[in-house]
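Asker: Sequence order for the protein chains is A and B. The opening residue of the first sequence carries number 1 in the UniProt record's numbering; numbering runs sequentially from there. The opening residue of the second sequence carries number 1 in the UniProt record's numbering; numbering runs sequentially from there.
Incorrect hints may have been included.
To be verified - Calculated pairs, DSS-like style, for lysine-lysine (alpha carbon to alpha carbon, straight line, at most 27 Å):
(1) A/Lys-235 - A/Lys-352
(2) B/Lys-78 - B/Lys-25
(3) A/Lys-77 - A/Lys-66
(4) B/Lys-3 - B/Lys-194
(5) A/Lys-291 - A/Lys-43
(6) A/Lys-424 - B/Lys-122
(7) A/Lys-394 - B/Lys-165
(8) B/Lys-3 - B/Lys-190
(9) B/Lys-136 - B/Lys-122
(10) B/Lys-110 - A/Lys-395
(11) B/Lys-165 - B/Lys-78
(12) B/Lys-25 - B/Lys-226
(13) A/Lys-6 - A/Lys-235
(14) B/Lys-245 - B/Lys-3
(15) B/Lys-3 - A/Lys-394
(16) A/Lys-395 - B/Lys-78
(17) A/Lys-333 - A/Lys-136
(18) A/Lys-248 - A/Lys-123
(19) B/Lys-122 - B/Lys-108
(20) B/Lys-230 - B/Lys-165
(21) A/Lys-352 - A/Lys-395
(22) A/Lys-395 - B/Lys-165
(23) A/Lys-424 - B/Lys-108
(24) B/Lys-136 - A/Lys-419
(25) B/Lys-110 - A/Lys-394
(26) A/Lys-394 - B/Lys-108
(27) B/Lys-25 - B/Lys-192
(28) B/Lys-136 - A/Lys-424
(29) A/Lys-235 - A/Lys-424
(30) B/Lys-78 - B/Lys-108
(31) A/Lys-395 - B/Lys-108
(32) B/Lys-192 - B/Lys-78
(33) A/Lys-394 - B/Lys-78
(34) B/Lys-239 - B/Lys-18
(35) A/Lys-44 - A/Lys-58
(36) A/Lys-424 - A/Lys-77
(37) A/Lys-337 - A/Lys-369
(38) B/Lys-18 - B/Lys-245
Everything labelled a hint here was simulated from the structure, so no lab data went into it.
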Amino acid sequence: MDLKDKLISSFMAFENKVDVEHPVHDIRSEAIKNFEEKGFPSKKEEAWKYTSLRSLQKVDFSIFPKESNTLEYKEIKKYFLHEIDTYKIVFVDGIYSSFLSETTHDGVDICLMSAALTKPMYKQVIDMYFNKVASKEESLTTLNTAFSREGAFIYIPKNKMPRKPVEILHFSTGNEASIMLQPRNLIVAEENAELQVIERHQSLTSNEVLTNCVTEIFAAERAIVDYYKIQNDAKTASLIDNTYIDQKSNSVVKVHTFSFGGKLTRNNLNFYQNGEYIDSTMKGVTILGYKQHVDHHTLVHHIEPNCESHQDYKGIYGENSTGVFNGKIIVDKIAQKTNAFQQNNNILISDKATINTKPQLEIFADDVKCSHGCTIGQLDEEALFYLQSRGIPKKEARALLMYAFANNVLESVRITELKTRINKLIAEKLGVRLGFDL
Amino acid sequence: MLKINNLHAGIEGNEILKGINLEVKAGEVHAIMGPNGSGKSTLAAVIAGKEEYEVSEGSVVLEGENLEDASPEERAHKGIFLSFQYPVEIPGVSVTNFMKTAINETRKAKGLEDMPANEMLKMIREKSELLDIDRKFLSRSLNEGFSGGEKKRNEIFQLAMLEPKLAILDETDSGLDIDALRIVANGVNKLKSKDNAVIVITHYQRLLDYIIPDFVHVLHEGKIVKSGTKELAHELEDKGYDWIKQETAV
Ligand SMILES: Nc1ncnc2c1ncn2[C@@H]1O[C@H](COP(=O)(O)OP(=O)(O)OP(=O)(O)O)[C@@H](O)[C@H]1O
Ligand SMILES: [Mg+2]
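Taking the hints into account, I'd like the entire structure generated from these sequences.
Answerer: Right, here's the structure in full:
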């Protein structure tokens, strides 16, 4: 049985586990119909031209893990940003671990999707936001919607800000030969609220994992949301990340994506600007080796006037790795005075590595500032000579230059300890012995 | 210390240096002057080991050792330092971190441990004071957005930190204001000893009033066409290069 059939037949088993009378279940039923119709995207579709899911579909993934696997904190401590205090929403093989988590209801709600989807007190929020910005057409998103039951739920009311950043961590233990996970996150920052989130998917063994994750983020007027995705997973873990962001006037949302690992990673990052004076920022650092593959598909839809979007993606591709950057910017006719910037710079450090980079601009307004650029290059020879002439060996000089190339994307990271972590990860990935502490 | 014998070098079959002979002894200061495009920077880069240039004939010998197969970093480890005519901007690496990396890599090549952090800090403080460099400056990205003069001063700061045997200053004076020129030249003079040597490439007599050369050479079309003492620099300042070009043509 291929994965699609298995998923569809699993849906019935899934219905035994959830409240089918709940209004959300109508949404799930609609969603599974859409997935059944469309199935997994194939390379024939333009948006999936460079990313094939075929081999993943042949894997016999478990759809529902056997209940409760436990992990010792000290085994996995390094995956937490343990240098600082954080709220933590932790899942082990898709199941919430209260032992590893630290949630709160103190003025803000930082808790579980399963609670939000069942408890009456959250009904209003769920009615208002659940599945409101996620696509009802895109097949993998609807697949996630059909199975939506668990994930992170964060609700920050007007003028509030949690005392500390929130970490969302998904571990897979490898207790199953192969597992498919479908976390569903809903994040709402009401008017003038502020929030910082760090998300990470981590497989702890070399068993195969496929995660198809959907995150909906709503930023109301003047809300500020910083979202950091750390993708440094095992070489047998694949991730399809679908993030949908709805922004209202004067809100600022920044998403940083650090892609250093995994087998196949597909990032679908979608911003919808439903208001004026909105700032949407997407930054990414991708450093790959082996046969790793990362595909960044971004979309910014400028729907109203006077908004900005900034995209800055840097990639370093070694060995047989492959990368894709496809940045789509839509500027509606009424969205005058839009400023849209997009930059994608890449360095190939192996003859066998490839990158496909493409801007896709659909601009219907006439008074807009829109710039885009992509480069694929090697390292600057003069800069290499400069470093070498100061006694830095060629290998280290190359690493240092690549480090410098990637590192300036981090300027906008507002959690110092996270910035240091990422800096170290970059240095480690590039094998650079920096003659200094970060 | 440095002996250059009949050096021919070029790029992509184009010969730029056409038989250079030069000997620099420990404790000496040599000035190299010459018209634009005569090959001064190329000579400096070839001494520093830039791989882009092909050496077709002749040799560069440092303290009896032929540098033919030495990489730029190995030459740096042996004590060659080049102050660039056009220092390269390296965003994302601070001046301090760059210096730490350079010093510790050089130590590593010599089989030494990393320099202890407090010693490094002390050295950075001393040398930045010597060159009147603001400490804030040192946390900025290397050369990024530095003014022309700041870049040059930063080159000499690196020279002070690395304490080379042979320093080659390629137009370090260009871009410096009068005060900065004096500070930089004083810095170089303080670092000068009977055990090291300096090659100063310049277009102007002005720098040589501060860093007084033992010898002045004129490079023209890839050859040293005239050598003399510091008076030669004055003569060039007054008369330009035409008379030398005519002399060589004859
Ligand atoms: N990488 C290169 N590729 C092509 N030509 C080069 C290269 N480097 C030097 N040349 C050529 O070699 C000649 C000498 O250049 P060089 O930079 O050494 O001159 P210079 O004496 O330092 O001049 P200036 O006083 O203007 O600094 C010039 O004609 C220059 O164009
Ligand atoms: Mg020059």
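Asker: All the hints need checking, so say for each whether the structure fits it.
Answerer: These are the hints, each one checked on the structure:
1. A/Lys-235 - A/Lys-352: The given pair, whose Cα atoms are some 18 Å apart, holds under the 27 Å limit.
2. B/Lys-78 - B/Lys-25: This hinted pair holds, its Cα atoms lying about 16 Å apart.
3. A/Lys-77 - A/Lys-66: Given that 27 Å is the threshold and the Cα spacing comes to 24 Å, the pair holds.
4. B/Lys-3 - B/Lys-194: holds (17 Å)
5. A/Lys-291 - A/Lys-43: holds (18 Å)
6. A/Lys-424 - B/Lys-122: holds (26 Å)
7. A/Lys-394 - B/Lys-165: With Cα atoms ~22 Å apart, A/Lys-394 and B/Lys-165 stay inside 27 Å; holds.
8. B/Lys-3 - B/Lys-190: Holds, because 25 Å separates the two Cα atoms, which is no more than 27 Å.
9. B/Lys-136 - B/Lys-122: holds (15 Å)
10. B/Lys-110 - A/Lys-395: holds (17 Å)
11. B/Lys-165 - B/Lys-78: holds (8 Å)
12. B/Lys-25 - B/Lys-226: Distance ~19 Å between B/Lys-25 and B/Lys-226 Cα, so the pair holds.
13. A/Lys-6 - A/Lys-235: holds (24 Å)
14. B/Lys-245 - B/Lys-3: holds (25 Å)
15. B/Lys-3 - A/Lys-394: holds (26 Å)
16. A/Lys-395 - B/Lys-78: With a Cα-Cα distance of about 19 Å, the restraint between A/Lys-395 and B/Lys-78 holds, given a limit of 27 Å.
17. A/Lys-333 - A/Lys-136: holds (24 Å)
18. A/Lys-248 - A/Lys-123: holds (22 Å)
19. B/Lys-122 - B/Lys-108: Cα-Cα ~20 Å, so holds.
20. B/Lys-230 - B/Lys-165: Within the cut-off at roughly 22 Å; holds.
21. A/Lys-352 - A/Lys-395: The given pair, whose Cα atoms are some 19 Å apart, holds under the 27 Å limit.
22. A/Lys-395 - B/Lys-165: holds (25 Å)
23. A/Lys-424 - B/Lys-108: holds (21 Å)
24. B/Lys-136 - A/Lys-419: holds (21 Å)
25. B/Lys-110 - A/Lys-394: Status holds; Cα separation ~16 Å.
26. A/Lys-394 - B/Lys-108: holds (14 Å)
27. B/Lys-25 - B/Lys-192: holds (13 Å)
28. B/Lys-136 - A/Lys-424: holds (24 Å)
29. A/Lys-235 - A/Lys-424: holds (20 Å)
30. B/Lys-78 - B/Lys-108: holds (13 Å)
31. A/Lys-395 - B/Lys-108: Distance of about 14 Å is within 27 Å: holds.
32. B/Lys-192 - B/Lys-78: Holds. B/Lys-192 to B/Lys-78 sits at ~17 Å (cutoff 27 Å).
33. A/Lys-394 - B/Lys-78: holds (16 Å)
34. B/Lys-239 - B/Lys-18: The given pair, whose Cα atoms are some 25 Å apart, holds under the 27 Å limit.
35. A/Lys-44 - A/Lys-58: Since the Cα atoms of A/Lys-44 and A/Lys-58 sit roughly 18 Å apart, the hinted pair holds (cutoff 27 Å).
36. A/Lys-424 - A/Lys-77: Holds, because 17 Å separates the two Cα atoms, which is no more than 27 Å.
37. A/Lys-337 - A/Lys-369: Cα-Cα ~7 Å, so holds.
38. B/Lys-18 - B/Lys-245: Holds, at roughly 16 Å.
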